[in-house]
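Asker: Read top to bottom, the protein sequences are chains V and F.
Take 0 as the starting number for the first sequence in numbering that gives the first Met the number 0 and just add one per residue.
Take 0 as the starting number for the second sequence in numbering that gives the first Met the number 0 and just add one per residue.
Hints were generated in silico from the structure; no laboratory data involved.
There may be inaccurate statements among the hints.
To be verified - Cut-off 20 Å, straight-line C-alpha distance, at most; resulting in silico cross-link-like pairs (EDC-like, lysine to aspartate or glutamate):
no., chain 1, residue 1, chain 2, residue 2
1, F, K227, V, E261
2, F, K263, V, E222
3, F, K18, F, D88
4, V, K197, V, D151
5, F, K102, F, E73
6, V, K233, V, D200
7, V, K227, F, D26
8, V, K172, V, E150
9, F, K227, V, D26
10, F, K221, V, D282
11, V, K227, F, E261
12, V, K185, F, D151
13, V, K52, V, E31
14, F, K18, F, E31
15, F, K227, V, D282
16, V, K54, V, E72
17, F, K185, V, D151
18, V, K302, V, D88
19, F, K227, V, D100
20, F, K84, F, D43
21, F, K172, F, D200
22, F, K172, F, D133
23, V, K54, V, E73
24, V, K221, F, E261
25, F, K102, F, D282
26, F, K2, F, E285
27, V, K111, V, D90
28, V, K233, V, E222
29, V, K263, V, D133
30, V, K263, V, D5
31, V, K227, F, D100
32, V, K52, V, E73
33, F, K263, F, D237
34, V, K221, F, D282
35, V, K227, F, D282
36, F, K221, V, E261
37, V, K263, F, E261
38, V, K263, F, E222
39, F, K263, V, E261
Note that the structure is predicted; figures quoted are calculated from it, not measured.
As a plain string of letters, each chain reads:
Protein chains: 2
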Amino acid sequence: MSKSFDDLIAKVNSCGMKKVAVGVAQDAHVLEAVSVAKERNIADAILVGDEAKIKEVAASINVDVSRFQIIHEEDPYTAALKAVKLVHDGDADMYMKGVLDTKSFLKSVLDKEVGLRSGNPLSHVAVFEVPTVDHLLFLTDVAFIPYPTLEDKVHIIENTVTVAKACGIDMPKVAPLAAVEIVNPKMPATVEAGELTKMNDEGQITGCIVDGPLSLDLAIDKEAAAHKGAEGRKIVGDADILLFPDIHAGNLVYKCIVHTAEFKNGCILTGTTAPVILTSRSDSCETKVNSIALAAVVAEAMKN
Amino acid sequence: MSKSFDDLIAKVNSCGMKKVAVGVAQDAHVLEAVSVAKERNIADAILVGDEAKIKEVAASINVDVSRFQIIHEEDPYTAALKAVKLVHDGDADMYMKGVLDTKSFLKSVLDKEVGLRSGNPLSHVAVFEVPTVDHLLFLTDVAFIPYPTLEDKVHIIENTVTVAKACGIDMPKVAPLAAVEIVNPKMPATVEAGELTKMNDEGQITGCIVDGPLSLDLAIDKEAAAHKGAEGRKIVGDADILLFPDIHAGNLVYKCIVHTAEFKNGCILTGTTAPVILTSRSDSCETKVNSIALAAVVAEAMKN
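This is chain V alone, in the form it adopts within the complex (with noise of 0.2 Å):
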């Protein structure tokens, strides 16, 4: 079980090497991840898009991207469909965003003939490493569905699972939040976490254990969880995934952490046939390549 970022990255080092196929690569963040990752033996990189811009930035920032294959492709739209079509015929393992604006990147991702299309609607994941915690804590949707309805939060309980299941956690532990830990009919919040917590009783949602709803000290405090009593609760302080009720509370959380505490990160986009890396511009260099590592644990576990 995979219980930080170096594990991870341990992890990835004694699978195959795997392949990122980025779309649109003339960006001086984005090379310089590929780059970082590919010395720490994290993922090697296909990089499409503009050849001599490639080339030209990756010299402005001393980056060697003559390890790389690079394929020439001006236009930047055709440039995302060639690196998503990699990807869709095996001939790489993950998917990551360029400069290109982030509509037309999940448009090449949901493309019909060349993308990674699963039937699950597409969500995120942030995977923090946090001091007080002793394992990952996989966070879900900070980014990507706005209000989830209960179906939605079905789905982004199966494509989470399937993360944290790659990164060895065998039965993850889902906590549907809330302000508060029992089920209030005026907070919808806490009624859907009760519903998907008896989904998951009833065997509709397998794989995991879920309980909720959950306040955070009693999702991933241990010690407030003992202290406040938790007789009858399958959740003690140990949640693996913290399912958000909507984006801004998911967002503002995530956010808290990344700019208050600086805790390392990695995000990918789940619910696709292979991992999508969607990292932001101003994400740090080491998020992103925490972002491929996670990628490629996740490309493996999706071979097998």
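Since chain V is already given, all that's left is putting chain F on it; use the hints.
Answerer: This is chain F only, laid out in the frame that chain V set:
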């Protein structure tokens, strides 16, 4: 301007000694906190409750209560009413919860004859000292109002601005938060954030600068805010007051900070005629002492 809890405590030390009236004081955690507050010259206390039990609990944790006035009252709710009346009558400056359920405590706060009603609804503010931010952050409402309406949000801003001003911030910057920083008709939180900003521009909300919707990075991270482009913005990573869209978002962020990063914090209830301290049993002693210091600063400001 107080930029830390040490600053706040220094400010309290320079004022006349304030008095906290504790309702149902026979509680080890509360007695420990008022004892530390007394030793650090933050506040004196009047303990209302079962005198024999107060002395017994104090002895068991080596706290000397002979330094405090004790008012003997065995019945918990009557003790709460006697304590809140001390504040109502000006014989004490702030009111603190002892071993009484929250519902009864709030009933005493809102008692028509001896309580602390101000006309505004009650709200909660959590004040944090975050290492990456060079000033105190005021988070609201993370514990009290589940789904604030636009009108509630106006009152929450008013209540919290009072606290920020008491801490020396003349013109607090208020960030109504959301997952995104543009108004999106499909996201009610962003629409209300835009409305609050307009009400501030038009002079309906005064004594502060409101600018939203804002994502958390644009609200508290100057570098991220500059990076993303902040033209035309009144808040560029320098928000004082963080207004959450609902209790789930607020409470999850609050608990995230407390349970992963352990930054210094203190909380009070506002919207009353005198500050009210409603700490949770699981709060650390330091948090309780910080809450007393925060209440003392607000009590001093309310006198003037």
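Asker: Checked against the structure, which of the hints given earlier come out wrong?
Answerer: none
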